[in-house]
Amino acid sequence: MIRLFLLSILSALLLSGQAADKANERYRTPEGRQGMLGTLGAPDRAERIHAQAVVQALALKPGMVAADLGTGAGALLPALSAAVGPSGKIFAEDIFQDFLDSSKLKNAALTNVVWVLGADRDPKLPAASIDAAATVDAYHHWDYPAEMLANLRRALKPGGRFVVADYYRRPGAMGPSPDALEHIRIDRDEVIKEVEAAGFKLLATSDTNPGKQYIAVFTR
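Per my numbering, the very first residue in the sequence shown carries number 1; after that it's consecutive.
Quick caveat, the hints were computed from the structure, so don't treat them as lab data. Treat the hints with care, since some could be wrong.
[What the hints assert, rightly or not] Simulated pairs of lysine-lysine, DSS-like, Cα-Cα distance not exceeding 25 Å:
id, residue 1, residue 2
1, 89, 104
2, 124, 106
3, 89, 61
With the hints as extra help, turn the sequences into a complete structure.
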């Protein structure tokens with residue numbers, strides 16, 4: 001019985017790793033990332049990631065400092081920038097310099113945005129520097145979630161919010177392609193457990209696209 005239980009855990013871990021590998025496959029080369037920028041920089045990207053719902057979940061106010069973790073082509077930045085206003089600041093973080101370069105070009109008019117080259121274990125944000133952070137359609141790409149969450153928690157001020165907006169790991173959640181069961185590392189309930197284990201408290205969850213996309217709101 002114990003052996004069967006351990007094998008079940010090992011199998012789940014292997015499947016989770018395979019899902020993360022599949023999700024990150026196209027990001028491993030400059031050519032693959034260049035292809036992804038077509039999707040990340042699409043004109044309707046802000047609508048598809050439900051940018052306004054994310055901003056509302058972050059409870060941003062003028063003068064606040066927030067972070068966009070895994071900013072990609074920066075589709076979320078205009079909404080974040082407008083929410084904190086000229087007296088606020090947005091850190092646009094990504095682990096790929098070519099994504100940051102693309103984001104800068106698309107969002108050059110946003111004077112309250114600072115672009116940050118992070119790492120796969122650390123977003124490289126100053127301690128106690130941000131009021132809120134969001135990762136949109138990116139949490140399932142994190143190879144080292146425990147380390148990322150620990151460093152994010154260090155960067156958040158006490159009481160700061162963290163919002164995860166992502167796809168469910170369910171058949172058809174991402175449409176016919178890619179397959180969410182292969183692409184998404186873990187489903188929403190497992191995401192919640194993972195984030196809570198890092199010391200965050202769950203405040204609320206909601207669906208932005210029922211059965212397909214969700215938002216989970218945490219506090220430090």
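Verification of the supplied hints:
no. : hint      : in the structure
1   : 89 x 104  : holds, 15 Å
2   : 124 x 106 : holds, 23 Å
3   : 89 x 61   : holds, 11 Å
Checked against the numbered hints above, the structure breaks none of them.
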